[in-house]
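Starting from the structure of chain A, add chain B where the hints point.
Below are the chains, spelled out letter by letter.
Number of protein chains: 2
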Amino acid sequence: MTHTVCKTNILPLTDVQIRDPFWSEYINLIRQVVVPYQWDALNDRIAEAEPSHAIQNFKIAAGEAEGEFYGMVFQDSDVAKWLEAVGYLLATERDPEIERIADGVIEIIAKAQQDDGYLNTYYTLKEPGKRWTNLAECHELYCAGHMIEGAVAYYQATGKRKILDVVCKFADYIDSVFGTEPGKLRGYDGHQEIELALMRLYEATGNERYLKLSRYFLEERGREPHFYDIEYEKRGKTTHFGPWIINDKSYSQAHKPIHEQDKAVGHAVRFVYMCTGMAHLAAVTGDAEMLESCKRLWDNMVSRQMYITGGIGSQSHGEAFSVDYDLPNDTVYAETCASIGLMFFAHRMLQLEPNSRYADVMERALYNTVIGGMSLDGKSFFYVNPLEVHPHACGANHIYEHVKPVRQGWFGCACCPPNVARTLASLGQYIYTVNQNTVYAHLYVSGEAKMVLSENQVVLSQESNYPWSGDIRFTVQTEKETAFTMALRIPDWCEEAELSINGINKPLDGIVVNGYAMIEGTWKQGDTIKLHLSMPVLRMKGHPLVRQTAGKVAIQRGPLVYCLEEADNEAGLYQFLLPREAELHVQEDPSLFGGIYVVTAEGRKEKFTDWGESLYKRNTDAETEPASLKFIPYYAWANRGLGEMRVWVREVHS
Amino acid sequence: MTHTVCKTNILPLTDVQIRDPFWSEYINLIRQVVVPYQWDALNDRIAEAEPSHAIQNFKIAAGEAEGEFYGMVFQDSDVAKWLEAVGYLLATERDPEIERIADGVIEIIAKAQQDDGYLNTYYTLKEPGKRWTNLAECHELYCAGHMIEGAVAYYQATGKRKILDVVCKFADYIDSVFGTEPGKLRGYDGHQEIELALMRLYEATGNERYLKLSRYFLEERGREPHFYDIEYEKRGKTTHFGPWIINDKSYSQAHKPIHEQDKAVGHAVRFVYMCTGMAHLAAVTGDAEMLESCKRLWDNMVSRQMYITGGIGSQSHGEAFSVDYDLPNDTVYAETCASIGLMFFAHRMLQLEPNSRYADVMERALYNTVIGGMSLDGKSFFYVNPLEVHPHACGANHIYEHVKPVRQGWFGCACCPPNVARTLASLGQYIYTVNQNTVYAHLYVSGEAKMVLSENQVVLSQESNYPWSGDIRFTVQTEKETAFTMALRIPDWCEEAELSINGINKPLDGIVVNGYAMIEGTWKQGDTIKLHLSMPVLRMKGHPLVRQTAGKVAIQRGPLVYCLEEADNEAGLYQFLLPREAELHVQEDPSLFGGIYVVTAEGRKEKFTDWGESLYKRNTDAETEPASLKFIPYYAWANRGLGEMRVWVREVHS
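Residue numbers (this note's numbering), protein chains in the order written: chain A, 3 to 656; chain B, 3 to 656.
Source of the hints: derived by calculation from the structure; they are not laboratory data.
Just to be clear, a hint being listed does not mean it is correct.
Copies of one chain are not kept apart here, so a pair can be met inside one copy or by any two copies together.
[Said to hold, decoys possible] Taking lysine-lysine pairs in the DSS-like style, the calculated list, with each CA pair at most 30 Å apart, reads:
id, residue 1, residue 2
1, K632, K381
2, K171, K132
3, K619, K265
4, K619, K508
5, K406, K607
6, K164, K128
7, K297, K609
8, K607, K554
9, K297, K619
10, K554, K609
11, K265, K297
12, K239, K532
Here the structure is a predicted model, which means the values were calculated and not measured.
Next up, chain A with everything else stripped away, as it sits in the complex (with noise of 0.2 Å):
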């Protein structure tokens, strides 16, 4: 069902199987353990976890229970991202026991919704009259974005329309409420999210009352008078979390209309959630305006603020973005859902226009930060994906506060665990995306998906050892002969791609196209493409203008940054010395994380030798002696208790 006249379009889920040695394990967790473990945590299940009561919240606000209403003024998403996740599960493997389980969530969530449409537990229970009066505290608009992406994803996935008809009941309410026509408020919310979802249910039903709706919340934010100014007045100047929430415009990025805003400001999660809906909408309507801004956007903060990890929003102080080339690796925030964010962005942006230099920001994000916010058993989580952790100095009253050196089990405010939950659970929806005749492979998973190429049925099958080889083969299965192109990614770390087109080389030269391979033909059944990425371990460097890195030099193959752990090397990680001229080897660790490659070389470690109780010395030298460095994927730290860990290595010539 489509509406859109995007450049390119993301396949239904349902289409998308994955079967693949690194992602399947992932997907499992999530299947297996993290979304059980969520599920009861909104029950309030799980004795160490801080108390939900979303689900709670909901059956009071459905007359099933008795009680008040307990949590944060967001506590409604969580129960909506958990359904969003539950959603992307049923829609590539159906399980009955889930399915009936959140069928009666459903139940609930649809009686908690009041007779105008209107669904929010806080505002029900505990400000009943009140709705409406604090857009920029309180989330009303942001936890309805998030049941419509929820109701979106259940819907595409079962075909039951119960909670699909719950949100555009919803939807259609809000937008009976804000506009711009006289009467309505002119209003937008504080924490950008309704935007992306509206252009989801518009994508979801064809009804362009979402899409108009969405692009009036995304036109109308920042606009002067100031809606928080006034709402603000209006309601008495109370504030729910203090003042500077409605002085501080550029923290939710309402300091400016977005076609005038021209860097990434404010906090990080709010900005790409904003950018996510605006190239959404760009793609769909094809409004150059709208594409120049997200364009702007993006290159701002990926040239400017975004981390070798994927992360982005280097300051603790509003989880938010700083100033041009300001990366602290050690002060760092680096949300795990700005991350996740940054991945909606980019796939949006590759709807509007397919170029590899989003698909290299999502796929580095994808296999940093997003996976690295998860511990291996799924049972842990960062909100806070530092570059180097010093464990003795993160505590209370430090500036490291923030910073958390072993993921933390299941928070209050528990925005990254679900959001990491329902981004690996629709992760088939980022690998390709294709128009008429055109199909590109944005990331290199294994598994089979269905897409219609020219107007033929075609399976295409991906078959690889990725992220640790880069031999991809893809083969195509088609009861006709089809003419469609091939646009394979040849990702900003490889230096030397090959092709073969069942076993013959192809040359890449001149149909490389905005970072694809451009690969024409008329396939039959069983052509296969294998694609070669040379998997060189990289020495990577910052931009000379972002002070952290100088001096240094990070480790990357494929799309893995590496870091030095503690557990591998010893302490004293900013004693290590890389010379310029080491050999980096690449092996295979079958012990390790059940089998991940690592990185190690011969290098140095600064030594002085006597040193004695003297803070400062003068006309002293460190000596260096040999050290085995030994690097494992940035993903993996922290897996073995507590220890230091350093993506950036000082580096010397030997």
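What follows is chain B alone, placed relative to chain A:
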């Protein structure tokens, strides 16, 4: 008037005249700019400063004005510190005009004192009946301590007893309230200060009651059940700044009794003020356990948690110490007041045991952080003294938010400016200590000092161009030949010292004891001692466990730590490299700040040619190009507008 068994004693300020090319300018600034400015600020006559209301509070409490208390709970202490600075200035140069003003203030203070001796405008005006109910937070005894210090200074300078009588009455009253005797309150202040002040009052009056009360406050601290908790319960769990101050007892070093404490923890100013009181008490009583506690805490602080600039307290959260060896240069706190307190502590340790390790640290703090805390025109001040500044990133909602790249006018919480004023105004006290027949020269500051040695009156003149030159000449003035020992500090930064007496070389071999050249002699009028301290430019290294100095070098010459500033070099100071073999040249620059010595070197600067827009690139190496590095003394930084600054510079093999 001495009642002590100190190993060495401080000279009365009235007996020390400073006539020093370096310091006289500073002291004139205090006299002509800072103290008058402060007086205007205390009277709310500075338009651009935050309101003080401090004098007005006293007038209201004295019944001489109408109105309400305004300001912090410790607002009174600003008046006390001003009075203390005035006392010191008068001790060296009487000034009828300022004495008239001070006498007027003293009249008001005396009238503001309650009949029972209590003196505190906050409690008198704002919370009558609530005195001594919240010592953890409300600085009552802290304010008392500052008033005592001010009174002692004024009395010692002028001989006028009025304010001394006021504080004696107050201290007697405090003694009637606090103590271990039945019916007394077993409390102590949340901000140490009363302890050191009572020791000074004891020295000024000889009244043992104050010595005992000081010991009580010191030794009661941290006992269980905990006083903060008891008073918190008693007052119904109200708090002024939030319960964390009550809960986090290490913030105010009240987590354990002092003799069980072994680390510098918590708020740095509180810590050094406490230690100053402890050391003074140990010096006066000879208490061995107290001496051991002082040494234990001193050693931990200076060998684990002190910046090369003599800054202490690396954490902005709580203006506090961190864990051992954690000394960030950019997110640093290093409050000016804390380095002043460090001087106090060192100074008292010198009374306990003359050992150059205390004087070395005292000198380091004085010549770097303390004077660096004030602009060269005496009009603006740093609270926070960073060792690395990136002005473009200093701003709201940033991890550098507390770091100001330029000094600020006058603060709402005005602790640092008056603290600098009183310290520099009393600099004469820090130069010498004496005992029966030995004079210790701790600092090299030109001028004259009167002292009694071997029962004769001696005047010692000192002449030098310190800190620029290490040539110091002492001349003895005495009516009759006197046998005494000149003990001249050989600073830790000095590699070669030479000595001559009346032009005849005297070898230092065997006469250096605890860092002092002990020159015994029978001295007559006109005898001269010349000390030559070699003052090469030093490359300083940080302890191997300080990760923030790894691979870096700091420049020091004499007591002065140097830094690179953007004004002399160019932006991107992190790209400058100092080759290990580079020659370091020192030269006078008469054009800069009225004449300072700068250090220059031929170094390198990193340069990436044609980097482009990417944030990260593979296998790209920085080239380096020759770059001249110019270092200025750290204390003089930020006197030429906004720019980068850095103490620790990257070092490379050339």
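Q) With identical chains treated as interchangeable, where does the CA-CA distance between K265 and K297 reach 30 Å or less: within a copy, between copies, both, or neither? A) Answer is within; shortest intra-copy Cα gap is 11 Å, inter-copy 53 Å.
Q: Measure nothing new, just compare the shortest in-copy and cross-copy C-alpha distances for K239 and K532 to 30 Å and report within, between, both or neither.
A: Intra 64 Å, inter 72 Å, cutoff 30 Å: neither.
Q.
Within, between, both or neither: how does the pair K554, K609 come out at a Cα-Cα threshold of 30 Å?
A. both (19 Å within a copy, 14 Å between copies)
Q: At 30 Å max between alpha carbons, let me know whether K619 reaches K265 within a copy, between copies, both or neither.
A: This pair counts as between: shortest inter-copy Cα distance 22 Å, intra-copy 45 Å.
Q) Is it within, between, both or neither when you check K607 against K554 at 30 Å Cα-Cα? A) Answer is both; intra-copy 14 Å and inter-copy 15 Å each pass.
Q. Should K171 paired with K132 be assigned to within, between, both, or neither, using CA atoms and 30 Å as the limit?
A. within (20 Å within a copy, 59 Å between copies)
Q) From the Cα coordinates, with 30 Å as the cut-off, is the pair K297 and K619 best called within, between, both, or neither? A) between (52 Å within a copy, 21 Å between copies)
Q. How would you classify K297 and K609 at a CA-CA limit of 30 Å: within, between, both, or neither?
A. This pair counts as between: shortest inter-copy Cα distance 29 Å, intra-copy 48 Å.
**Q.** Intra/inter-copy verdict for K164 and K128 if alpha-carbon distance must be at most 30 Å
**A.** Result: close within a single copy only, 26 Å intra versus 62 Å inter.
Q. Which holds for K406 with K607 at a C-alpha limit of 30 Å: within a copy, between copies, both or neither?
A. within (26 Å within a copy, 36 Å between copies)
Q | Intra- versus inter-subunit Cα pairing at 30 Å for K619 with K508 | A | between (63 Å within a copy, 28 Å between copies)
Q.
Treating 30 Å as the Cα threshold, decide for K632 and K381: within, between, both or neither.
A. within (26 Å within a copy, 54 Å between copies)
Checked against the numbered hints above, the structure breaks only hint 12 and satisfies the rest.
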